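Protein chains in written order, with my numbering: chain V, 1 to 218; chain E, 1001 to 1218.
Everything labelled a hint here was simulated from the structure, so no lab data went into it.
It is possible that some hints are incorrect.
Claimed, not checked - Cross-link-like lysine-lysine pairs, in silico, DSSO-like; alpha carbons within 30 Å at most:
| hint | chain 1 | residue 1 | chain 2 | residue 2 |
| --- | --- | --- | --- | --- |
| 1 | V | 186 | V | 174 |
| 2 | E | 1186 | V | 145 |
| 3 | E | 1175 | V | 40 |
| 4 | E | 1186 | V | 119 |
| 5 | V | 145 | V | 84 |
| 6 | E | 1040 | E | 1119 |
| 7 | E | 1174 | E | 1084 |
| 8 | E | 1145 | V | 186 |
| 9 | V | 84 | V | 175 |
| 10 | E | 1175 | E | 1186 |
| 11 | V | 186 | V | 175 |
| 12 | V | 11 | V | 40 |
| 13 | V | 186 | E | 1119 |
| 14 | V | 186 | E | 1174 |
| 15 | E | 1009 | V | 119 |
| 16 | E | 1040 | E | 1009 |
| 17 | V | 84 | V | 174 |
| 18 | E | 1040 | E | 1011 |
| 19 | V | 175 | E | 1119 |
| 20 | V | 119 | E | 1174 |
| 21 | V | 119 | E | 1040 |
| 22 | V | 174 | E | 1119 |
| 23 | V | 186 | V | 145 |
| 24 | V | 119 | E | 1175 |
Said to hold, decoys possible - Partial list, derived from the structure: chain E residues whose beta carbon lies under 10 Å from chain V:
| hint | residue |
| --- | --- |
| 25 | 1027 |
| 26 | 1032 |
| 27 | 1035 |
| 28 | 1036 |
| 29 | 1040 |
| 30 | 1108 |
| 31 | 1111 |
| 32 | 1154 |
| 33 | 1192 |
To be verified - Now the stretches of chain V that chain E is said to cover, found in silico as 3 or more residues with beta-carbon under 8 Å:
| hint | stretch |
| --- | --- |
| 34 | 21-29 |
| 35 | 186-195 |
This one's a predicted model, so the numbers in the text were calculated from it and none came from an experiment.
The beta carbon of each residue, even a glycine, is placed where N, CA and C say it ideally should be.
2 protein chains.
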Amino acid sequence: MSGIRALQKEKTRRQLIDAALGQLSSERSFSSLSLREVAKEAGLAPTSFYRHFSDMDELGLTLVDEAGLTLRQLMRQARQRIDKGGSVIQISVRTFMEFIESNGNIFRLLLRERSGTSKAFRAAVNREISYFTLELCDYLQQANKLDAEVAYLQANAAVTIVFSAGSDALDCDKKDLAALAQRTIKQLRFIARGAFEIGVGNKNRSEQRSSSAKDETK
Amino acid sequence: MSGIRALQKEKTRRQLIDAALGQLSSERSFSSLSLREVAKEAGLAPTSFYRHFSDMDELGLTLVDEAGLTLRQLMRQARQRIDKGGSVIQISVRTFMEFIESNGNIFRLLLRERSGTSKAFRAAVNREISYFTLELCDYLQQANKLDAEVAYLQANAAVTIVFSAGSDALDCDKKDLAALAQRTIKQLRFIARGAFEIGVGNKNRSEQRSSSAKDETK
DNA sequence: AAAAATAGCGTACATGTGTACACCGAAATA
DNA sequence: TATTTCGGTGTACACATGTACGCTATTTTT
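Hey, can you work out the whole structure from these sequences and the hints?
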């Protein structure tokens, strides 16, 4: 089993994946792609598609996995930048915006399939997003010594806000992007500040009240 | 012009609209509907469709308008309840959850087309949502004496959170709905509290700091 | 009462779809 | 070396789609 065959198979499988990704755009969703189109774009006969995926759905789920991977790589990148110092929120938002600028179609895929017509797709996307959220949650919990529930709620809200901003960014004039990012940053600060104030109140009522958040609200 | 003709036309136009709405479901999006299906469901010959809409897109935009109407009616309903006293956030979330339970498919339409493949659709949905947001913004501004920008940011963030919760609710077991609502309420409180604290800091730095929000964070 | 307008129908057609099937040639296995 | 496996091809079919066109019956206008 030299693998020259398996190797070639892997390669054309990638061609299919890339062909699908390549066809995505603001006016083309995954569900609007046909098997034939994808196969043709990949330089294959339609029926050859079946040698790699039993279904367009199977391809789609693969794409979602791929997108999740990109998402986690994004997080790693943000972490690196943060470790070099700077405002966590600011850097995170900037990193996310850059991500969207260069991976718009992958992000679109996640956004669309999250509310799409296939339960499996929705579940897959939500799984990826929940990984993302949980990582942020961990970070918040240990960096800010937050209550577990508060940290989760904050992480979840923050991800929601950022994704929504990402969605807006996709239809945004480039000139308005910076302003959008600024608004998003302020909203994240609301959440962080609120979580801090309320979180403190939870375990330690009416003491240390206004000792100004050390996580950044400013 | 007695209008017996125009009347009948209006009626079958409604049949088309209702037919389309009726076909929407968790596994059926508007863009996956065909003109023929809708016409058949409405009891019409396919080609008769054109007497009322030039396009499926035109029908779709009509549906979005319809959905926006329902959304505003929702807001009115929430207002009435709020005026009768009670926690604004709690009542708003409950009202919204009820809305979703009985108008799931309309809400799905908004969610999906907001990130859909038609720029016109996306714009239409965003327009409706922005009405919704602006009304909330007005309310916050005058009820809580908030800075205009802060009020807008809070309203926008709150709507985002609530819509996202609504989206989750659509795929939720009924038994988990109450917990989801509780989490959403807490998140909205984070935002309200943060907006208050930071908003106050903005115009009146470091004074009146922890005079406990009169808008509700508790 | 005559003429014009129009909502709805049926037929027809070109186009795109998923996929079943038989086949080929090269790689893998025996 | 002989045999099997398997990625890829081309043909073929049934089906659904959007929509152009002409017709009818009834309402509306003249």
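Quiz item: When the hints from earlier in the document are held up against this structure, which numbers fail?
Solution: 3, 14, 15, 27, 28 and 29
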